[in-house]
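Peer 1: What follows is each chain in one-letter form.
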Amino acid sequence: MIKILFFAALRERLDCEQYLLSCEGKMLQVADVLQQLQSRCHTWQQELSRSDLLCALNQQLVPLTASVQDGDELAFFPPVTGG
Amino acid sequence: MIKILFFAALRERLDCEQYLLSCEGKMLQVADVLQQLQSRCHTWQQELSRSDLLCALNQQLVPLTASVQDGDELAFFPPVTGG
Amino acid sequence: MSWRFFHRLPVVSMSIFIAVQSDDFCLASEYDKLRRHSACGAVVTFSGLVRELSDNTLHSMTLEHYPGMTEQALIAIAQQAQSRWQLGAVHIIHRVGTLKQNEQIVFVGIASAHRAAAFAACEFIMDYLKNRAPLWKKEHTASGDYWVAAKDSDQQALARWE
Amino acid sequence: MSWRFFHRLPVVSMSIFIAVQSDDFCLASEYDKLRRHSACGAVVTFSGLVRELSDNTLHSMTLEHYPGMTEQALIAIAQQAQSRWQLGAVHIIHRVGTLKQNEQIVFVGIASAHRAAAFAACEFIMDYLKNRAPLWKKEHTASGDYWVAAKDSDQQALARWE
Numbered sequence: 001m002i003k004i005l006f007f008a009a010l011r012e013r014l015d016c017e018q019y020l021l022s023c024e025g026k027m028l029q030v031a032d033v034l035q036q037l038q039s040r041c042h043t044w045q046q047e048l049s050r051s052d053l054l055c056a057l058n059q060q061l062v063p064l065t066a067s068v069q070d071g072d073e074l075a076f077f078p079p080v081t082g083g
Numbered sequence: 001m002i003k004i005l006f007f008a009a010l011r012e013r014l015d016c017e018q019y020l021l022s023c024e025g026k027m028l029q030v031a032d033v034l035q036q037l038q039s040r041c042h043t044w045q046q047e048l049s050r051s052d053l054l055c056a057l058n059q060q061l062v063p064l065t066a067s068v069q070d071g072d073e074l075a076f077f078p079p080v081t082g083g
Numbered sequence: 001m002s003w004r005f006f007h008r009l010p011v012v013s014m015s016i017f018i019a020v021q022s023d024d025f026c027l028a029s030e031y032d033k034l035r036r037h038s039a040c041g042a043v044v045t046f047s048g049l050v051r052e053l054s055d056n057t058l059h060s061m062t063l064e065h066y067p068g069m070t071e072q073a074l075i076a077i078a079q080q081a082q083s084r085w086q087l088g089a090v091h092i093i094h095r096v097g098t099l100k101q102n103e104q105i106v107f108v109g110i111a112s113a114h115r116a117a118a119f120a121a122c123e124f125i126m127d128y129l130k131n132r133a134p135l136w137k138k139e140h141t142a143s144g145d146y147w148v149a150a151k152d153s154d155q156q157a158l159a160r161w162e
Numbered sequence: 001m002s003w004r005f006f007h008r009l010p011v012v013s014m015s016i017f018i019a020v021q022s023d024d025f026c027l028a029s030e031y032d033k034l035r036r037h038s039a040c041g042a043v044v045t046f047s048g049l050v051r052e053l054s055d056n057t058l059h060s061m062t063l064e065h066y067p068g069m070t071e072q073a074l075i076a077i078a079q080q081a082q083s084r085w086q087l088g089a090v091h092i093i094h095r096v097g098t099l100k101q102n103e104q105i106v107f108v109g110i111a112s113a114h115r116a117a118a119f120a121a122c123e124f125i126m127d128y129l130k131n132r133a134p135l136w137k138k139e140h141t142a143s144g145d146y147w148v149a150a151k152d153s154d155q156q157a158l159a160r161w162e
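Protein chains in written order, with this note's numbering: chain A, 1 to 83; chain B, 1 to 83; chain C, 1 to 162; chain D, 1 to 162.
Keep in mind the hints are simulated off the structure, nothing from the lab. The beta-carbon is built from N, C-alpha and C at its ideal position, and this holds for glycine as well. Certain hints may be false.
As the list claims (entries may be wrong) - Here are a few chain A residues that sit away from chain C, every Cβ distance over 12 Å (derived from the structure): (1) C16; (2) H42; (3) Q60; (4) G71; (5) P79.
Unchecked claim - As a list, the in silico EDC-like pairs of lysine to aspartate or glutamate whose alpha-carbon atoms are at most 16 Å apart: (6) D/K151 with B/D52; (7) B/K3 with B/D70; (8) C/K100 with C/E52; (9) D/K137 with B/D70.
Given the sequences, and given the hints that come with them, work out the whole structure.
Peer 2: Quick look at the structure:
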């Protein structure tokens, strides 16, 4: 399983904090996971296609080409606005 | 009279805090005053010829070409080291 | 949660202190710790506060964060600063949860032997924190709740460090 | 002696506070005044401390100044900063007289709507103060008393602002 987290405006728009995805032992790229999530519905399609979407793999910022495997924690979120 | 003040290392080397100079109603440049002071003795000659000497006229930094007149407060001091 | 690290270098000791907390912090007590570094003649602090909106309608704001990742991101930023400048101490505190008008949001404090390093490191940390630490602000105003949009100026601020 | 000025600008009020004093100052109370500027989300402070010499022989130092001119020079520097950046408040405190190891020498505090302005103004003021304010340090060490020599690096620091 891959644990997927959503934060802030994205979490609200998807109405989802956490999502579990089975990767069936396959080696995936973040982009593949994103595609699976986008296919869920129109809202997910739209929200997860934004060009400013950020992605963290095991709590480190990564590009969409990063590889994901069983047990990983993946997070998607909008541009950060702390400070 | 022109009131002349010396500060810090310069004050110590000249062994003088304050010096009164009569300008006899003449309009002088700071450089003229400096020359009169330098002529006092070898030590004053040496200490007041340093290229890093700073000058303030009525508490504002000025170049040696500034004009001085009766009642002015003139100060000479080494590069500042506050902060 | 908060982290402390102490490294002992040949000449000066270097410490990093990171905290992500809902509680308020006390600038004076952070400063007292920073100025204890006897080889450090310069202490620079930055504090970020909740400020009025231009139309004066802000009630409060809520800071959401990614627990765990926020702390790691702040540690990584502090370590980057430490590798660029010779610093005695780096303290970063970021608050989360709901904050009112004029409350403190973030503190960055640097102790260094030299003021140029202290200023640069403090501004570097704020510029990176604004772009890399997983924190999000939601403003609660008279006309509703709005997520704050990221600013281009914050992204541009990184350019000078690259 | 200390001076306070208040200007009222169309949008924000601007205040300048300058003090040259032998007494110690309290960073926390300066900060509390700076953060009262409700339109200012950023407060940057700089504190300069008496630090150890590399050979560890410093007993204390004495700061001599040119009474009257020092205050005027600091006001002029604060006003220059104010004309370059939009600032809510500028506080400068400089101590004179004899100071021991780890004592506070100088404080510069800036409140501004934007952090970049607050950082720049604070560093600008320190760079100008180091080169323009009539203050001189004499170090009292185990081997005697020495006037501190002006540093080239302080003079070079001005270049970026010109």
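Peer 1: Now, for every hint given, state plainly whether the structure supports it.
Peer 2: Tested hints:
1. The non-interface label for A/C16 is consistent with chain C: the shortest C-beta to C-beta separation is roughly 15 Å, beyond 12 Å.
2. At roughly 21 Å from the closest C-beta of chain C, the C-beta of A/H42 stays outside 12 Å, upholding its exclusion from the interface.
3. Against the 12 Å criterion, A/Q60 falls within the reach of chain C, whose nearest CB is about 8 Å from its own CB.
4. Its beta-carbon lying about 16 Å from the closest one in chain C, A/G71 satisfies the requirement of being farther than 12 Å from that chain.
5. The beta carbon of A/P79 sits about 4 Å from the closest Cβ of chain C, which is not more than 12 Å, so the claim that it is off the interface is violated.
6. Simply put, D/K151 and B/D52 have alpha-carbon atoms about 12 Å apart, close enough for the 16 Å limit, and the pair holds.
7. As the CA atoms of B/K3 and B/D70 are separated by approximately 9 Å, the hinted pair is consistent with the 16 Å bound.
8. At roughly 10 Å between alpha-carbon atoms, C/K100 and C/E52 fall within 16 Å of each other, so this suggested pair holds.
9. With a CA separation close to 32 Å, the supplied pair D/K137 and B/D70 exceeds the 16 Å bound.
This entry does not satisfy hints 3, 5, 9, going by the numbered hints stated previously.
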